[in-house]
Amino acid sequence: MARVQRARVVDVAPDAAFELWTDVRRWATFVDGFGHVERLDSEWPAVGAKLVWRSVPSGRGLVTEKVTASEPGARFVTAVLEDRLAGTQTVELAPAEEGGTSIALALDYELTKGGPLAALTDAIFIRRAQGDALARTLRRFATEAAEQAAL
Numbered sequence: 000m001a002r003v004q005r006a007r008v009v010d011v012a013p014d015a016a017f018e019l020w021t022d023v024r025r026w027a028t029f030v031d032g033f034g035h036v037e038r039l040d041s042e043w044p045a046v047g048a049k050l051v052w053r054s055v056p057s058g059r060g061l062v063t064e065k066v067t068a069s070e071p072g073a074r075f076v077t078a079v080l081e082d083r084l085a086g087t088q089t090v091e092l093a094p095a096e097e098g099g100t101s102i103a104l105a106l107d108y109e110l111t112k113g114g115p116l117a118a119l120t121d122a123i124f125i126r127r128a129q130g131d132a133l134a135r136t137l138r139r140f141a142t143e144a145a146e147q148a149a150l
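Numbering-wise, numbering that gives the first Met the number 0 puts 10 at position 11 of the sequence shown, and it's gapless, one number per residue.
To be clear, the hints were calculated from the coordinates, so they are not data collected in a lab. Everything numeric in this text was worked out from a predicted model, so none of it was measured. Any given hint could be a false lead.
Derived CB-CB ranges, DEER-like [what the hints assert, rightly or not]: (1) Gly114 to Gly72: 19 to 29 Å; (2) Glu97 to Ser41: 35 to 45 Å; (3) Leu119 to Ala149: 39 to 49 Å; (4) Glu42 to Pro115: 39 to 49 Å.
Think of the CB as a built atom: it goes at the ideal place given N, C-alpha and C, for glycine as much as any other residue.
Turn these sequences into a full structure, and let the hints guide you.
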């Protein structure tokens, strides 16, 4: 299983960061490649709730996320399934020493397609692309959090 992880400090408290992260209506502003919601369980973001979303045309296609851990202000974990990979996405939140919230975003995944060269392709291309996508998501999330803090 491959793992990519990125971290950043954002300008809101952990509870507010959790609320923002789980507010699917705001994902288009910060989740890299997010297009639109296909289906959202009314229980979201509770454990067991499911979200099905479609990426932008050149993106990941149809993505299903099922909540496996939901600890407001601390941790949010989803099982992720899409056309080319399956895995777990974990968001961990903690008060930052300098104020705000330290947020760590990790994706542990396995490729579901790719043939005999999948491991090599993953090591050279996919892992870096996934890491870049997480970094873009966190950068945009920090912008959203700063705007939220200014309200």
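Verification of the supplied hints:
Hint check: glycine 114 to glycine 72, Cβ distance near 43 Å, so the stated range 19 to 29 Å is violated. Range check, glutamate 97 to serine 41: about 37 Å between beta-carbon atoms, so the 35 to 45 Å window is met. At about 46 Å, the beta-carbon gap between leucine 119 and alanine 149 stays in the expected band of 39 to 49 Å. Checked against the hint of 39 to 49 Å, the C-beta distance between glutamate 42 and proline 115 comes to roughly 41 Å, which is consistent with it.
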